[in-house]
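S.K.: Residue numbers (our numbering), protein chains in the order written: chain A, 1 to 503; chain B, 1 to 348; chain C, 1 to 108.
These are calculated hints, taken from the structure and not from any lab test.
Every residue gets a Cβ at the ideal spot worked out from N, C-alpha and C, and that includes glycine.
Treat the hints with caution; some may be incorrect.
[To be verified] Computed from the model, here is a short list of chain B residues facing chain A with C-beta under 10 Å:
no., residue
1, 113
2, 115
3, 132
4, 160
5, 257
6, 278
7, 313
In case you want the letters, here they are:
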Amino acid sequence: MGLIGSNWLVVPIVLPLATATLAMLVGRRSAPYLGLLTASGILLSVAAIGLTVLEEGTIRYQLGGWEAPLGINLYADGLAVFMLLMTAIVGAAVSAYAVGYFTSRQDESGRVAGDSGDRSGSFWVLWMFLWASLNGLFLSADAFNLYVTLEIMGLSAAGLVTLERRQSALSSGMRYLFVTLLGSLAYLMGVALLYGALGALDLATLGELMYPGAATWSALALITLGMALKTGLFPLHFWMPAAYSNAISPASALLAGLVGKASFYLLLRLWFDVFDGGLGPGPGQVLGLLGAAAIVWGAVMAVRQRRLKRLLAYSSVSQIGYLFVLFSLATTASWGFDAWSGGVYHAFSHACAKAAMFMSAGAIVRSVGHDDLDRMQGVGQQMPLAVAGFALGGVTLMGLPPTGGFTAKWLLVSASLESGQWWIAVVLLAGGVLAALYVLRFLNPALIQVKVGPVARPATQNLEVTAFVLAFGSFFLALLSAPLLALLRIGTPFASVLLVGTP
Amino acid sequence: MLSLFFDAVLALALPLLAWRVLTTRDLYRAVILFIAFGLLVALSWARLDAPDIALAEAAIGAGLTGALFLNTVGGLVGRKRSPSRESDESREVAERREAIQSSPGEPVDEVMRPWWVRLALTVPILALGLALGWAVVSFPEPAIDLAQQASDNLEASGVDHGVTAVLLNFRSYDTLLEIGVLLLAVVAVWSLDLGRVRGGQAALSKGLPVLHGLVRLLTPIMIIVGGYLLWAGAKQPGGAFQAGAVLGALGVLLVLSGLVRPPLSDGSGLRIGLAVGFAVFLGIGTAVMLATGELLNYPPASTYGLIIIIELFLTVSIALTLAALFVTAPPRKEQGSKEHSEEKGEES
Amino acid sequence: MSPVTFYLLSSVGIFVVCLYGLIVHAHLIRKILALNMMGSAVFLLLTGVARRGELTDPVPHAMVLTGIVVAVSATAFALAVARRLYEECGRAYLPEEDPEDLSEEREG
């Protein structure tokens, strides 16, 4: 491993941290440019890390030159790079979107610009901290360091929600802050118990020393509860619809697309790398059941919504269920890798699709001035690009080919059939049908042709374009499934399954 | 025997005190009890041979956090007398607030979940308590002894004090991110655009010459204590956090007593001061990559010097940040003077 | 029982008392107090764990120091949001359920 090669690993963490500091000092005017520059830097470094991992296998990086377990290590395997890539793509798109979002607000809204300039500055600092924490979380190999990244993530995400000053946004931001702090504290208590029982913080070391006992079981319960709460797994999703729908749209896209995935990733990482698949089959079954319940409940609620952004938020409740289904399927049996990679693939395609849909929704709401689903007639005529982006994202949620959602669902369904748990396959497919219903709940009125004269409306072209590009990417994500699945195989906890299972 | 008894009483007192904090009707009293709780926690840490964190808990956990709580409770209760946003808020809201504040001495509370929710909650929470209790009583002898490893590597760490070695060398990456959290918190608080602390500050600054004298007397002492803590950290308990906490507390005292005007609302000087610790830490951490090949891996010859430089700047930023979190200045000048006209005089 | 065990049990006690308080109280200040003290409970557990062996373990002490700084940051932000919420709505507690925002004007 060359000197430069492994040092790419710290770039996605250090770069946004430096930008955040700089953005705080230089103020709002140059912050968007710094943000875009950082986004391209992160894309570049993640590509370099990905190529290195594909060619040379997993990377372990000793921060400060200290070996684990005394020091803190970074660790990049296929899964970590996969999540970094997801974050880089969605993050770059939201960054481009935010530039347009904050400038068009000042130009077009007609009212006194007020604090929007300040909000833009705060947005960039918070978003850069958030991005650094996401990348840091995906790369960290240390249980306590993960806690610190979780707290940065929670504080910056809650700060993004409270950038919107309406009462509803402040209430849901406050609730979100409580939820995220409680989740982190439950996680930290779990880490303290693990340290008490095993004496280490390094994940690989913890995994080697793991044994089933009172302390480890309690730690598993606390960590799982904390992360399920932060991810919004049914029935712990109570905070989610309000937080996602009341935030400003760039923040909604980041929260629904990325932040929820990070806590899911953490659970996945600990579950299989530290807790040896949940210390037994029981806990995984519980999570799988809750995931199945979430798929149905969230989708039914989404169909019943009257507001666009709230519909999308409930859709997230449903889509998160797909992620948790993998916990009851991913075992050491021959279908284990299919289930695991299917869930992870779903995280990627949902992140792109849902972020794109929130971005489209933001452009639409900005333009028509409300998000009432019953008054969306003719929106398709006025903003074809935004509606097209929404539709492409919607097709991904339904899981039709050639979307990434299709690949994910294919893997999950075949794993559930192979394992004999056919009822999971039924729920997964039913979720797709329900997704079609709630996507049409918006598309139906939006595509109605109405006669409208030319209306003055705020310029939202750049918002529409960025949303469309991201949705377009998620739409064709299945075409990339071969290299992406090859990436996921590197360092997977299901290596033994792969050796036996592949023909 | 006596000390065992003392430990038992202290350990029993902590959960009971926490319970009192959460059930005392009066919010002011709850916060006072919270400060007492923080001090008892600090005491128990002193008993557990952890003077570094006992010091930090007393200063930050009990002192500054307690002041933050008092300030906020004061803000919620005292607003009736010093309304600042009355102009831009609907009458309805004002009336609701009026109703809530009918008894200023006893801030609104007693909004609790219904009794059956509370009853149903006790079962899973008791179960959790029993499981955790069993877990901590049955901790096995851990297979890994990090204490031994830390002490074996102390020589190479550049400092002679274990905790400082962990914080600024073995696990300095955590510390770097943690300083990031402080900076992030200031930005997040500023983004809420709360305006400056009022009420308490004005009351204290008028007609309390004793306080002025006391603060004047304390200022040089606290600066000396802070400097000593920073210097001592390399060899014994102390370091940037304890020093920063003491100096930050001094900052809060100075602002409260009115001797020092709250920091400039849009001062780039203040912003630089807040960010400099993080920036220097990040900069040095990255720069040493060129020499040693890893982030935060200091070259052996200059380890001590680099750690001292980092600690010095950290102390400045930690002190300023803790004070700034208390004062919550608005991020923009125009904004501040427009919305809080009564402060116009101070601002210029 | 060694004195360390007292403190470990004490930490569990604080943790569950505060978890209960966090859920049952609606007032924002109570919730923030409960969260902060829950953090102290975890720190107490770590400090107790550090004292078990022959040598006092400096690693948990460093973790606690980091945790204290994170806790004061989180508390400061939570209190600021609580104040802002109070200034906007005149109440210092959250509604039982977030009402759907049916307001007409939205900025996106």
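S.K.: Could you run down the list of hints and mark each one as holding or not?
M.R.: Hints and how they fare:
1. 113: With a closest approach of 13 Å, the residue 113 of chain B hint is violated.
2. 115: violated (21 Å)
3. 132: holds (6 Å)
4. 160: violated (17 Å)
5. 257: Not OK, violated: residue 257 of chain B not within 10 Å of chain A, min 29 Å.
6. 278: holds (6 Å)
7. 313: violated (13 Å)
Violated hints, in rising order: 1, 2, 4, 5 and 7; the structure is consistent with all others.
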